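Undergrad: Single-letter residue listing:
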Amino acid sequence: MGAAKSQLTDQQLQDYQDLTYFTKKEVLYAYQKFEALSTKNSSIRTLEEMKNIPELKANPFGDRICKVFSSTQDGNCTFEDYLDMMSVFSDAAPKSVKAEHAFRIFDFDGDDMLGTADLRQVITALTKTREHSLTEEEIKQLIQYVLAEADLDDDGSLSFAEFEHIIEKSSDFSKTFRIHL
Amino acid sequence: MSSGERKKRVGNRSKGWEEAGAEFYQESYPGAACEVDIQQALERDPSKLATLLPSKKSRVDYHCTSNNIEIVTTTKRVGHEPRTTLRRRTSTRLRYSTTTRRQSTQPDANASMLPDLSENLTNEKKNWEDIMQIKALPICMEQKKALKRHLQNTTTIRLQGCEQFKFWCLQKWEGLKTFLHQVYSKMGLWNSSLKHIGGNFGMGVVAYFLFIKWILFLNLFLFSIIMIFLVLPTILLEFPADDSCITANGTCCSSTSVNSTRNFEIASLFHGGHLLENTVLFYGAYSSSTYYNEEKNLTYKLPLAYVFVMIAVFAVSLFAIVRWAAKGFKQRVVENEGQLYHYCNLIFGGWDYCINNKKAASTKHLALYKEMKALLAAERFEDERLNRTQEDSFKLCFIRIIVNISVVIILLLSGIGIYWIIRLSFEKVANQPLKMVYASIDAKTVELWFYEFVPYLAIVLLNMVIPVLFNYLITLENYSPTFVVKLTLFRTIFLRLASLIVLLYTFYMKIAQSKDNDDCNNSKKPLCWETFVGQQFMKLYMTDVVSQFFLTFTVNLIRASVARSTKNKVIRYIGRQEFDLSKHVLDIVYLQTVCWLGTFFSPGLPLIAVIGSFLLFYTKKFFCMIICGPSKRIYRASKSQSLFMLILLICYILTIVPVVYSLVKMTPSKSCGPFKGLESSWTLLVLTYQQLPAGLRSILSLFSTFSFAATAFLILSFLLYYYNAVASANKNMVQVLRNQLVLEGHDKQFLLERLSAFIKVHQEQTKYQQEHPEFP
Numbered sequence: 001m002g003a004a005k006s007q008l009t010d011q012q013l014q015d016y017q018d019l020t021y022f023t024k025k026e027v028l029y030a031y032q033k034f035e036a037l038s039t040k041n042s043s044i045r046t047l048e049e050m051k052n053i054p055e056l057k058a059n060p061f062g063d064r065i066c067k068v069f070s071s072t073q074d075g076n077c078t079f080e081d082y083l084d085m086m087s088v089f090s091d092a093a094p095k096s097v098k099a100e101h102a103f104r105i106f107d108f109d110g111d112d113m114l115g116t117a118d119l120r121q122v123i124t125a126l127t128k129t130r131e132h133s134l135t136e137e138e139i140k141q142l143i144q145y146v147l148a149e150a151d152l153d154d155d156g157s158l159s160f161a162e163f164e165h166i167i168e169k170s171s172d173f174s175k176t177f178r179i180h181l
Numbered sequence: 001m002s003s004g005e006r007k008k009r010v011g012n013r014s015k016g017w018e019e020a021g022a023e024f025y026q027e028s029y030p031g032a033a034c035e036v037d038i039q040q041a042l043e044r045d046p047s048k049l050a051t052l053l054p055s056k057k058s059r060v061d062y063h064c065t066s067n068n069i070e071i072v073t074t075t076k077r078v079g080h081e082p083r084t085t086l087r088r089r090t091s092t093r094l095r096y097s098t099t100t101r102r103q104s105t106q107p108d109a110n111a112s113m114l115p116d117l118s119e120n121l122t123n124e125k126k127n128w129e130d131i132m133q134i135k136a137l138p139i140c141m142e143q144k145k146a147l148k149r150h151l152q153n154t155t156t157i158r159l160q161g162c163e164q165f166k167f168w169c170l171q172k173w174e175g176l177k178t179f180l181h182q183v184y185s186k187m188g189l190w191n192s193s194l195k196h197i198g199g200n201f202g203m204g205v206v207a208y209f210l211f212i213k214w215i216l217f218l219n220l221f222l223f224s225i226i227m228i229f230l231v232l233p234t235i236l237l238e239f240p241a242d243d244s245c246i247t248a249n250g251t252c253c254s255s256t257s258v259n260s261t262r263n264f265e266i267a268s269l270f271h272g273g274h275l276l277e278n279t280v281l282f283y284g285a286y287s288s289s290t291y292y293n294e295e296k297n298l299t300y301k302l303p304l305a306y307v308f309v310m311i312a313v314f315a316v317s318l319f320a321i322v323r324w325a326a327k328g329f330k331q332r333v334v335e336n337e338g339q340l341y342h343y344c345n346l347i348f349g350g351w352d353y354c355i356n357n358k359k360a361a362s363t364k365h366l367a368l369y370k371e372m373k374a375l376l377a378a379e380r381f382e383d384e385r386l387n388r389t390q391e392d393s394f395k396l397c398f399i400r401i402i403v404n405i406s407v408v409i410i411l412l413l414s415g416i417g418i419y420w421i422i423r424l425s426f427e428k429v430a431n432q433p434l435k436m437v438y439a440s441i442d443a444k445t446v447e448l449w450f451y452e453f454v455p456y457l458a459i460v461l462l463n464m465v466i467p468v469l470f471n472y473l474i475t476l477e478n479y480s481p482t483f484v485v486k487l488t489l490f491r492t493i494f495l496r497l498a499s500l501i502v503l504l505y506t507f508y509m510k511i512a513q514s515k516d517n518d519d520c521n522n523s524k525k526p527l528c529w530e531t532f533v534g535q536q537f538m539k540l541y542m543t544d545v546v547s548q549f550f551l552t553f554t555v556n557l558i559r560a561s562v563a564r565s566t567k568n569k570v571i572r573y574i575g576r577q578e579f580d581l582s583k584h585v586l587d588i589v590y591l592q593t594v595c596w597l598g599t600f601f602s603p604g605l606p607l608i609a610v611i612g613s614f615l616l617f618y619t620k621k622f623f624c625m626i627i628c629g630p631s632k633r634i635y636r637a638s639k640s641q642s643l644f645m646l647i648l649l650i651c652y653i654l655t656i657v658p659v660v661y662s663l664v665k666m667t668p669s670k671s672c673g674p675f676k677g678l679e680s681s682w683t684l685l686v687l688t689y690q691q692l693p694a695g696l697r698s699i700l701s702l703f704s705t706f707s708f709a710a711t712a713f714l715i716l717s718f719l720l721y722y723y724n725a726v727a728s729a730n731k732n733m734v735q736v737l738r739n740q741l742v743l744e745g746h747d748k749q750f751l752l753e754r755l756s757a758f759i760k761v762h763q764e765q766t767k768y769q770q771e772h773p774e775f776p
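Here the protein sequences come in this chain order: A and B. Counted the way UniProt numbering counts, the first sequence spans residues 1 to 181. Counted the way UniProt numbering counts, the second sequence spans residues 1 to 776.
Don't read these hints as lab results, they were simulated from the structure. Hints may be right or wrong, so weigh each one.
[To be verified] Okay, the calculated beta carbon distance ranges per label pair: (1) 408(B) <-> 130(A): 46 to 56 angstroms; (2) 12(A) <-> 553(B): 45 to 55 angstroms; (3) 577(B) <-> 144(A): 37 to 47 angstroms; (4) 221(B) <-> 116(A): 44 to 54 angstroms; (5) 11(A) <-> 295(B): 58 to 68 angstroms; (6) 189(B) <-> 148(A): 25 to 35 angstroms.
Being a predicted model, the structure only gives us computed values, none of them experimental. Each residue gets a CB set at the ideal place from its N, CA and C atoms; glycine is no exception.
For reference, chain B alone in the conformation it holds in the complex:
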């Protein structure tokens, strides 16, 4: 076979190929422009074929679009047709674009952008939706406007009847949403502060401040429930006086309680002492009787309201946390699939666009630089870890065990210490006769004050010192940096919770130690123990807020200013402070835990918490903006948010236990409060249940039967199973699609290579034929 023959054959075949190719193109992309485009491009450079692929190329040609608009709207457009990269459009985004694209096959016209008018007239609703979608298009305003005009001028079918009404509702709803958005943005608390913080520290730290804001609103909401259902009725309605004396040894408990608490002291304002004891801030002030107004036929059972309000408070908190956490959880699940996207995340999502000053920008540059270096180093660290010798890993394991044991010991020691101090304090305070205590300010009073507050000071002090110790210990353990943050966080939580647990236990011992019934005048036990416990929690809350306030504005401020003014390296090292996010999160979570614990005993605590979080916002802002330099660490906004919620959820669950216990098991004090004389607060619910009408009761009892519970359990587990199956099927599908995508990518590349090679040959051949016309 001669070379000429071969070439000829190739040429013949190639012609066939070409025809087939052209046909193919015509079938899928009719319209001359497309073909011309391709041929031109091929002539220029066959290797650039890839850029012509539909997936790489625009579905809608930008200037085509604008030309069309020009025709439609006959507006004058200046000839600055930007030759842009702006040709690609996300097909998935716009509903109408995908649907209309299916109808139309004209690639050169912008039919995919504008609804095809000749074929089916759009109805009013769709048209309106289209107009609302324009804002998502990546085109400039002028074109958006033109598009809007065009859509507005198209004839539309008017909707009929029910549809019309629905459309009207939809429009009104959108209007309402815009209005609400407007109102909300006006009311938005601290917006400028948040912007300021974001400009300097990035969104990760802003997430923390949003968390404070969230806590503030949660507490406000909780308090408003309490306000409406407990405080206002107590103030406005005249409850009949409690003459139902629960007598013990002939004296009336309630009168004893009232008589003993009529001292006025300024100091008590601060620690919720005797002055406030009988106010609505505390449990003791709520009446156990039922309001009944014959004229208006109004009954209000305060004790019942009290129980339900407390249940509502916890339910609302749970709902709020779960709602927020679920959002984060969803993100986490999506992210976990793509946990391999470290680098992409860092490079494409690394910059905080809200950073607005040079200093912050250079810190961000540095942080990103370090993070990238760290990622590369982690890659090496991973290699090293795999190659670690047995001796090394044994050594490390040993160190970790030692450290963990010492952490547990430290936790235990601090628990014991708190217990001991609390007992000491209680003994000192309890030994004093009541009336003498606040009579005048002398050495003795000061000493008493000191003893009264010493447990809380000790807790605050421990919470400050021990985390530093933990931070040191964890450096010995050689964990990866992200794990270090989490582990320190959890260890510190345990410390805080341990102190709370000890406190609760001490209270419990104090209250439950004298079980005898005639405990009206029991000196060891407070007269109204619920109020007493409420007071303790309020003291704890206030001590914490005030100490943070105080520390920030004195000690830390001095430290920072000293560090800034001196050149001495050691002093600078001591004085320099960074915004350690996890510590500050713990501060907030801890306070919220205290608030939840105390709410049952002191319904006013959420109000205090609202004020507290308001103050804390500014304290933390001051700490963040003035005292600390920008953090060198990168805090990921989404990750830190879900972490906050996880911690809050853990604390919430741990809080539920003692509160439920006190609701169900503890005997309420006999001298005060809505539940006096009852076995436990829960008994009230049981009693109420028995008073319900028989029909309702039987329905309720149905819920508590075994068969109902079993059925519900079964249905729930089936649902769980079903969703789990769906999820795993989806996961598989994702994997399959992904593989397909990769394979198609390879196929495409293979075909492209073949095609471009073939075109080259073809071109050479035509050239050859032109040069040697004697060969047919």
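Pulled out of the complex, with its shape left as it was, chain A reads as follows:
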């Protein structure tokens, strides 16, 4: 912990405490964890190194999460990006913040809408493994049901407002959308 302290100034710690959902202690802990991700002496962790976090490795959206939080958009993360990520996934972060980022994660093509293609990608990522996958017909059906449930203005894709509306109603979401530091 002493080593970690020497890397972060008090000012930085105060900033991080104010700007994330972490306390100073947790920030220091996060710093240690971040340092442990790579053996190289660099301030940036590549996508591969980020995926040493077991939760991201197991997650079907792992790559996507790294990309969303990376400030260079390519999955390479600085400590601040990492801290941002963990802050959003922490217990203390409110639902709306989590929803905001979940939307960005699910929005694969980045057009600010969850279209059919995005939904297809989400469903495939969730269910496809080596042994089994849903048939094309089933995926189509699922997408159709999802849109029927959530697409209020019938434009064939989910806007953020519609997405937030669903998340507001789903109590599971904020419980499952978290990674412990």
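Place chain B on chain A using the hints.
TA: Below, chain B alone, put in the same frame as chain A:
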């Protein structure tokens, strides 16, 4: 009318349209950037118009924001302006962003993000709140920092007087909260265990372990109340000896009681037998007298304290359950409105982000796959159900009736069985002269031990075997999967409660059978029946915990390891175990029920329960992590939590009945305990009430009058009516707004279509005009 003319007219009209449109845009979104944006986009592709809608588009342009920050803070920013999707912001979330947005009309500047400084200076408090809100913004840390600097550097109005103090308090309060959070996270019991479980089984199972933790803390709290108000006074204060003999046939009851219980036995440590009988663990040890210290002018009425502590224990439990259940209930209400969100929930909230290993991940994939398949199948099942023929439905109905009848019969049979075994056991044990019983360990002693524990073993055994039977029976009934879980749960609860009810009834018969007053030396009735009952509950509790511990670490472990090592399908089938959440919930709820039932008779039981739940946590963790594979079923965290609380609440209400009955109706034993010589424990409260000063008494009696009760009832029902009306009005409003949203969506699409069609025509026309300049 020639085609040229028509086109011209269209063109004229279109010009008018365009102007109007531009005006409209200028009015609502002044600023050149916006317009240029739109025109460019229109030129590129008219059909992409939809993406330009304010609702679809950012309110705040990301790079604009950062540019502005750049200006403000003059920090160096590298040119990696991410062209992101990150432009949209939730307007509702940030208080200040909405308020400032209203003030500002500049869409290109980030005025909506930063408070408009020129118009009104923010005060200190608001500024501070703004800084605290930054963390909720979906921007990267660098920008957050810049924003913070910016806000810190703005000139603010200092607050005056009371406001200043309030602000100071707020800041300190936030600091305290952070500190408490820090302390709490450090103290948090089992955090790493929970993380580990979550990584393998998901949040649904973690919710169960949190439930155990909750029970542990509840019991700890209950025990601390008992400790402070009952145990410590009994140990520390010297109560005057009970010489108030309630004589029966010339002998002193209390002395008989004390003399008969002075045997030392190791075995008694285990079942709360004779050694512990006179300790503070049980009712019998508490004095019926009043401590009075003249020097310090201190009086402590232990009997009164006893009653109040017991009331407090139940009140605290109720409060804790209701508080937790209310949270779940609120969620349920919100969810019920959106019960049609099955698919969305599954797809957007399906993955457990805390899963951290490959095996668990692949199980989760499989579970989600199955769940989606099941949902699709349920859709088909529903269709089938609607198309079910009359003959089929009649057949099913018949089967269900038969199954239900057999369930009731099984419950009755097991109740009778328990009753019979308990009677047998009591007779065997009671026939033995007291002193001989624990003299030495020989065949006879072992036999006696066996008889002493046989009822509890029988209950535990029934609780294990019959649920399996129920599980089989329910497959015949062809219910939907979620309903199956609930129904099995409730049937099993009835089994457990039935055994408890039989036990209570047997006790009651034993205690109430000899109503004659001189029952000091009554051989049929224990000397101090409260202690006796307390002992029985403690035995029951311990038997259950120990048997679970034992079963997990021997039988189940062997089963699992055999199943893993063999390739034989039959053995594998027998040996493989899944973590069946509902069964384990019942284990915990049942134990807590026993604890509540026994607390009055054995104030030490919550302490035992604390130890028990601590042990159970590890037992269950072992069972979950080592013995079971990851469950193939998906347990929803929020749903299971509210279900636990509902079950606990039901058990609590059922527990209240016998406890209150024993408090109000049963005559306390005459040889021991704080209430000896009284008609019932309740009489003490009545007596105390009569000793109160007249003023206080009249106030209290006011509460019990009819007019007060009637008024209170009326007011409560009015309140209920009022809130009900508000709720239904809100519901209507939600519906109306929803409809409006849908309609507006349609309107918007309609307008967009018209607009894009019109723009196309317009473009074609300009092209035509350019190609044929001779036509004006």
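Undergrad: None of the hints should be skipped; say for each whether it holds.
TA: How the hints compare with the structure:
Remark: the range hint 46 to 56 angstroms for residue 408(B) to residue 130(A) is upheld by a beta-carbon distance near 48 angstroms. Range check, residue 12(A) to residue 553(B): Cβ separation about 49 angstroms, and the 45 to 55 angstroms hint holds. At about 39 angstroms, the beta-carbon gap between residue 577(B) and residue 144(A) stays in the expected band of 37 to 47 angstroms. Residue 221(B) and residue 116(A) have their C-beta atoms about 53 angstroms apart, which keeps the hinted 44 to 54 angstroms range intact.
Against the hinted window of 58 to 68 angstroms, the Cβ-Cβ separation of residue 11(A) and residue 295(B) comes to about 60 angstroms, which satisfies the hint. The hinted window of 25 to 35 angstroms between residue 189(B) and residue 148(A) is violated, with their beta carbons roughly 45 angstroms apart.
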